[in-house]
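Peer 1: Following the hints, complete the assembly by docking chain B onto the known chain A.
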Amino acid sequence: MPVAPSVTRKIAGDGIVLSLAGGWVIAAGKALEAAAAALASGALGAKSATIDLAGVDRMDTAGAWLIDRARAELTAAGVPAAYRGARPEHALLIREAGYRPLEAVTRDRSSHALMLLAAVGESVYTSGADLVDIVDYLGEIVVMWLRLALHPMRWRWASMVYHLEMFSLRSVPIIALINFLVGAIVTQQGVFQLAQFGASPYAVNLVGVLGLRELGVLMTSIMIAGRTGSAITAEIGSMNMREEIDALRVMALDPLEVLVMPRLVALAIALPVLTFIADMAELAGGLMVSWLYAGMAPAVFIARLQNAILPETFLVGLIKAPFMAVMIGLIASTEGMEVRGSAESLGRCVTSSVVKSIFMVIVMDGVFAMFFTAVNY
Amino acid sequence: MNARRPSTLDGIREAIIRVRGLKVGFGDRLVMDGLDLDLYRGEVLGFVGASGAGKSVLTRTILGLIHKRAGTIEVFGYDMDKLGPQERLLIGERWGVLFQEGALFSSLTVRQNIQTPMREHLDLSQSTLDGLAAQKLELVGLPQDAADKYPSELSGGMTKRVSLARALALDPEIVFLDEPTSGLDPISAGDFDDLIGTLQKTLGLTVFMVTHDLDSLYAICDRVAVLGHGKVAAVGTIDEVLLSDDPWIESYFYGKRGRVRAGSVDKRRAERAGNEA
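Residue numbers (this note's numbering), protein chains in the order written: chain A, 11 to 387; chain B, 185 to 461.
So that you can see chain A by itself, here it is in the shape it has in the complex (with noise of 0.2 angstroms):
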C-alpha cells in the first residue's frame, strides 16, 4: 500500500502554506477525499495560501482533480491559493486533469411509491394502444400470408422445419412429463373427494372431460408461452439490439416473412400436436392413478372413458390450440421488435412478452369455454 496522503498546515507572515505528502491516488479512497477536504478547509480565512505539492509522492488524476478542486473551493472563499513545488509530471497532471467548474448533477428524487404508481396508470393507459398494435400486426401477418400463399417459393422451408424441431419435438418429454403429473393430480383428488358421495369412479369423467377440453390445451400452451415464447422474444430483441434486423431491411427482405413467419407457422403446426400428446399423458397419468391407488383395472379405466368423453370433448381441446399458438407467436414477435439498445429492455420484453402470453392463453381460453358452452358443442 502506498502512504497515504496528508497536509501540514504552517502560518508563514500572512499566508498559510499547506504542505502536502504522501501518495494523493485513488486507491486510498476514504483517506484522499479526507485529505483533500483538510486542504479545503486548512486556509479558511487566511489572506493567501500556498499549496506545496513538493512532498507528494504520487498523484494520479483522481488526486489531481481533488487538490485542485480544494483550491478551487479556496479561491472561492476569498483565499487566493497558489501551487509550489510540483514535480513537472504532478504539474501537467494538475493542468490536463484539473478541477473545471460544472454544474451539479441534477438527480431524479421523485419517490419510488409515486413511480410505482405512475408505471401502473401508464400500463393501464397504454393497453389500449397494445391491443391496437396487435390487431395492426395480426393484419400484416394475414397480408404476408396470403402474399406467401401466392408465392409459395418464398416460403421459408428451411426455417420452419428447424423450429418445428425446437418448438416440438425438443419440448415433447417436459410437455408429456408436465401433464402426466396433472392427470395424475387431478385423478387422485377425483378420487379422494369424490369418495364422500361414493362417486370416485366418477374421477374418471373428471379427469377425462377437464383434461381433454380445458387442462391438456392450457398447461401445453402456458408451457410453450415460457418456453418458446420467451425464445422467440430474445431471439428477435437481441437482433434487433445488434442492428441484425436493419440489416435484413436494407436488403429489401422483411424480417416478418424471414423470421416471424416461419416460427409462427412452426408454433401452429407445433401446438396441436403437443396438445396431443399432451391429452395423451394426462389420460396415462389418470389411468396409472386409478390403477395403483384406486385400484381400477386399466379396462375398466378405458370402459368407463369411452362413456364419458365424445369426440367433441377432444376436438374442443385440440381447436383451441392453433389459435393459442397464433396468440403466443403474435405476442413474442411483437416484444422482440420493441427490444431497444439495452439489456435491461431484452430482459424488460422478454417478461412482458411471457407475462402476457399467458394471460392472453388464459382469457382466450374463457372466451372458448363460453362460446362452446353457447354453441352446445
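Treat the hints with care, since some could be wrong.
Simulated DEER-style distance windows between Cβ atoms [unchecked claim]:
(1) B:Ser339 with A:Leu141: 34 to 40 angstroms
(2) B:Asp378 with A:Ala47: 29 to 35 angstroms
(3) A:Arg97 with B:Thr300: 30 to 36 angstroms
(4) B:Asp307 with A:Val153: 56 to 62 angstroms
Simulated from the structure, these hints should not be mistaken for laboratory data. Predicted model only: the values in this text are computed from it and were never measured. We put the beta carbon where it would ideally sit given N, CA and C, even for glycine.
Peer 2: Frame of chain A, contents of chain B only:
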C-alpha cells in the same frame, strides 16, 4: 532526448507482465504456440498482426478470460494461476481494459458506467464520484451532456471514448487497449494518441495496445511486437522491427498504406538529426 523510450535505456527494466511459453488453442487449432512476451513498466507496447492471428485472443488470455493450455502469465509479479480472491480483486483495481466493442453496460448511463469501478472498489462520496466522472469525460474529450446518455445512444467513436474513460476510472497501472482508434476519424484518433501519451508521461501508465493504426504505432508506441504463427515474430522499437525481413512485416509496413508513413517518418527523423547536428 526522449525520456519515455525505455527500450533505449540499458538499465534493469521491470516486466509488469511476463508471458512464458503460452499455448492457447480451440479444438485442434493452436492459436498461441509457445509465445513469450514482456511488457515493461511505463512503456507503450503496440501489438500488430494479421487479422485472425490471435491478437485479441492473447489479450483475453492475459486478462484471464480464455483458458490457456500451457505456459505461465505473471502480472505485477503474481502468477495468474495462483491468485487468491483478494489478489484478484487488487489486480482488478490495477488494470483497465478498453474492449474492441466498448463493452459498456447497456442499462447504465455513461456516468454510471464510468463510476462503476470506483463505486465497487472504493468508498467515495457521491459528489466526488460525480466530479471524477465529469473529469474522466473531459479527459477523453467528451462533452458533459454525454454523461446522461445510454450506450445505445452513442456513436462508435463516443463508445470508444466512454470505454476508455471507464478503463481509466481507477487510474490503473496497465491499460489494455484493443484497437482503440479503429472507427475514429483521423483527428479524433490523433487526439486519442495524444491522450494516451499524456497519461503515460504523467501517470507512468503502461499501455498494451492492439492496433492496426500505423499512425499510432509511429506516434506513441515505444516498442512494437508482431504476432505471427502463434509466436511473437519480431519485437523492438519500430525501427528494429522495420529491419526484420519477415515478408508479412515488410508488406505490412512497406505496403501501399504503410510506405507513405514509413517514408515520411524517415524524412522527419533525418530532418531532426540534421537540426540537432
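Peer 1: None of the hints should be skipped; say for each whether it holds.
Peer 2: Going down the list of hints, with the structure as the test:
no. : hint                                       : in the structure
1   : B:Ser339 with A:Leu141: 34 to 40 angstroms : 37 angstroms, holds
2   : B:Asp378 with A:Ala47: 29 to 35 angstroms  : 33 angstroms, holds
3   : A:Arg97 with B:Thr300: 30 to 36 angstroms  : 31 angstroms, holds
4   : B:Asp307 with A:Val153: 56 to 62 angstroms : 60 angstroms, holds
Hint violations for this structure: none, all hints satisfied.
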